[in-house]
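Q: Spelled out, the chains give:
Number of protein chains: 2
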Amino acid sequence: MRKVIITDTTLRDGSHSVFHQHTLDEMKSIAKALEDAGVDIIELGHGDGLTGSSINYGFGLHNDFEYIEAVASVLTKAKLAVLLIPGIGTIEHLEKAKELGAEVIRVATHVTEADVSEQHIKAAKEMGLFTVGFLMMAHMADKETILQEAKKMESYGADVVYMTDSSGAMLPDEVYENIKYLKENLNVPIGHHSHNNLGMAVANSLSAYKAGADYIDGSLIGLGAGAGNCPTEMLVAVLDKQGIENNVDLYKIIDAGDDVLKPIIVNKGRELPRFNSDSLMVGYAGVYSSFMLHAKNASERFKVDTRDILVELGRKKAVGGQEDWIIEVAHNLANKDKIMQPTK
Amino acid sequence: MRKVIITDTTLRDGSHSVFHQHTLDEMKSIAKALEDAGVDIIELGHGDGLTGSSINYGFGLHNDFEYIEAVASVLTKAKLAVLLIPGIGTIEHLEKAKELGAEVIRVATHVTEADVSEQHIKAAKEMGLFTVGFLMMAHMADKETILQEAKKMESYGADVVYMTDSSGAMLPDEVYENIKYLKENLNVPIGHHSHNNLGMAVANSLSAYKAGADYIDGSLIGLGAGAGNCPTEMLVAVLDKQGIENNVDLYKIIDAGDDVLKPIIVNKGRELPRFNSDSLMVGYAGVYSSFMLHAKNASERFKVDTRDILVELGRKKAVGGQEDWIIEVAHNLANKDKIMQPTK
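Taken in sequence, the protein lines are chains A and B. Using my numbering, you'd call the opening residue of the first sequence number 1203 and step up by one each time. Using my numbering, you'd call the opening residue of the second sequence number 1203 and step up by one each time.
Treat each hint with caution, since some may be false.
A pair holds if it fits inside one copy or across any two, identical chains being indistinguishable in the list.
Stated by the list, open to error - 25 Å max Cα-Cα, derived SDA-like pairs, lysine to any residue:
1) K1505 / D1457
2) K1281 / K1454
3) K1518 / I1446
4) K1385 / I1207
Just so you know, the hints here were simulated from the structure itself, not pulled from any lab data.
Start from the sequences, fold in the hints, and give me the full structure.
A: Structure, rendered in structure tokens:
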């Protein structure tokens, strides 16, 4: 069966779990363990992408360039990747990242905003970087929309286009249908990045492969905010069990999680990823996890259930930067309750 | 869409996680919260079934009859279920369980040993109990074998037959095909009970439903040994998201986990369920989790990787009671290594 290329994002998406506080030595030892286990592409840096380290998104212990330089010095085989969200990272940052050792760039936009990736994808391709278009919050769009946005990224020169389930809100059949549609209508390979909010990360990854995806993301022990990502070791176990070829050694990737990553996480006093009611509701409602804190505040203020606020925001397809909307939604829900139940 | 009947096994399969040490008040408060949330059937008792409390399987804080009586006193709507493994529990125990308030009995056997359930299923039916045949370790059999064993249980009078993935070793397509085959060839409704060793519990449950299953098991927060069971709240979230009818209120079942169960677990100093390398290997190899300790001991003694032992045991379809085999397997692996690598 056709081979899967595995990108591990422990050191980027998983950085959220440790508030971006890895030391350079920690990053190096985790990256080396990932490479030794056979991971193809290792993504690293601030959880919010290149130069995400800021007052807005939280300062990292080091900046991304220090991390890239440190990790590049220990890798001999695996490709070093960075994520760039246009508006946070710039083309100058990209050049510097390349200079220090980044070989893969993933340019990430909201699923309906591929337009904003044009400049960065083109620049990355000109620099000779392997370039991935990364469509986030894909559950908010139908397959035709996803395809049109993916086609834009393809036309800018992306080598691969990812359908990313940022809220862990998708179900296996939906992943299968969307990826199949992309596969039938694009020339570039397709990737999938999942989250485990509804417990579907591994199943969705398998669905994506079966529908034609060649690139799948994971993170060690599922490291990532809330319910976390698709655990790389679990992904490999399932691929191996199905006889699906990949470059990762199951025992070595399990050991990388147990012997290298877990002690670092525990030592930082951080939690191992596990679903809780918040992460479940993020997946159920299909909203940004960053809405949670705002929704909880609005819940207190307007005396409405946080969960109702999230569900309503999901229904309205609220996107990042629309946090003000949360107040309005909570206010309306509070008033609706009053109209519905006048005797209370 | 057709309705799912949800059985919650927090108080039975989840009992393993607390070494069967719930107080009567704890059992009552958890059961009441499950009933209030709308759970149809609440299973309780020792993790290894009726009268499992013993030197072999670990003594519970109370015996099953005390638990049944206590919980029956607080339930008004949900059905109280007990599990019985022939050879551990007897027909006399069944009578006593019924007398104290049990209304549903699940008679559990290895997937290829339905024969041993005949006496108990017939007796349960004569007593007027709602009777479930529960085929465990179903990943070890092909669909034709599962069907033949299920047909036996049906012929004894079972009201429902379950295909149970005791090791969390099954994948969604496999669950779909097996359940579909059962559905096409049995007259009784089909159920599915899953474990999360490969991260597939929720996806497998959804697959089971789509293939025709009417009964699905879960446990609050996924409570269960190792990676745990299908989390009931996650199951309900996914069913609701798909518009699949069920009697459980999502917010109430989430609150039951957060406000009632979690404080009890934390107070006992127990871990919330989460996958680890051991549970992953149990699912990957498809073996009884009780083999793990023996395999680790044999690994020390023969200097072979525990994981190789488990994989070999899975390949040989070793079943419970064959723990002696573990020594033999480890010994053979150690000698094979010597032959393969004579200079070591």
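Q: Next, verify each hint and record whether it holds.
A: Evaluated hints:
no. : hint          : verdict
1   : K1505 / D1457 : between (47 Å within a copy, 17 Å between copies)
2   : K1281 / K1454 : within (18 Å within a copy, 47 Å between copies)
3   : K1518 / I1446 : between (39 Å within a copy, 22 Å between copies)
4   : K1385 / I1207 : within (16 Å within a copy, 37 Å between copies)
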